[in-house]
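**Q** Sequence:
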Amino acid sequence: EILCRYAFRQSYRHLGFQEFALRISELCGNLPLGLRVMGSSLYGKEENEWEELMRKLETILDHRDIEQVLRVGYESLQENEQTLFLHIA
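In the working numbering, the protein residues as written are -16 to 72.
No lab work stands behind these hints, which were simulated from the structure alone. Some hints could be false.
With a Cα cut of at most 20 Å, we get these calculated EDC-like pairs of lysine to aspartate or glutamate [as the list claims (entries may be wrong)]:
{"id": "1", "residue 1": "K28", "residue 2": "E64"}
{"id": "2", "residue 1": "K39", "residue 2": "E9"}
{"id": "3", "residue 1": "K28", "residue 2": "E2"}
{"id": "4", "residue 1": "K28", "residue 2": "E62"}
{"id": "5", "residue 1": "K39", "residue 2": "E2"}
{"id": "6", "residue 1": "K39", "residue 2": "E58"}
{"id": "7", "residue 1": "K39", "residue 2": "E29"}
{"id": "8", "residue 1": "K28", "residue 2": "E(-16)"}
{"id": "9", "residue 1": "K39", "residue 2": "E50"}
{"id": "10", "residue 1": "K28", "residue 2": "E41"}
Just so you know, these numbers come straight off a predicted model, no measurement behind them.
Could you put together the complete structure from these sequences and hints?
**A** Below you can see the structure in the form of C-alpha cells.
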C-alpha cells in the first residue's frame, strides 16, 4: 500500500503493475522508507521501467539492505533532484 501510494498517488495497485509492486515491496523488505523511495522514483514510469528497476533491485539487494534500496532510488532521480536530496539529507 505504501509503495502504491507513492507510485500511483493511490493506495491500490494498477492493473499490470500488481506483480511488480508485490515483488519490489518484498525486495525492499516491506520497509516503509524503502517503499516510499521506490514508489516516488517509479511515479509516472512505464511498465518497462518498473521491470528494469525490479531487475536492478534483484541483482544488488540481499532483501534487507535499506542503504542499497535508497541508492537505487537516488540513482533514478534527475540530477537536480539528486542535488536537492543531498541538500535535505
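**Q** Would you mind confirming whether the straight-line C-alpha gap from K28 to E41 stays at or under 20 Å?
**A** Holds - the C-alpha atoms of E41 and K28 are around 19 Å apart, at most 20 Å.
**Q** Does E2 lie within 20 Å of K39 when you go C-alpha to C-alpha?
**A** holds (16 Å)
**Q** With a cut-off of 20 Å on the C-alpha distance, tell me whether K28 and E62 pass.
**A** Distance of about 17 Å is within 20 Å: holds.
**Q** Tell me if the straight-line CA distance from K39 to E50 falls inside 20 Å.
**A** holds (14 Å)
**Q** Holds or violated: K28 with E64, Cα cutoff 20 Å?
**A** Satisfied, since the Cα-Cα distance of roughly 16 Å is no more than 20 Å.
**Q** Run the distance test for K28 versus E2: straight-line Cα separation, threshold 20 Å.
**A** Holds, at roughly 15 Å.
**Q** Measure nothing beyond the straight line between the CA atoms of K39 and E58; if it is 20 Å or shorter, mark the hint as holding.
**A** holds (11 Å)
**Q** Sort out whether E29 lies within 20 Å of K39, counting only the CA atoms.
**A** holds (16 Å)
**Q** If you draw a straight line from the CA of K28 to the CA of E(-16), is it 20 Å or shorter?
**A** holds (18 Å)
**Q** Next pair to validate is K39 with E9; report whether the Cα-Cα distance is within 20 Å.
**A** Judged against 20 Å, a Cα distance of about 14 Å means the pair holds.
Of the numbered hints given earlier, the model fails none.
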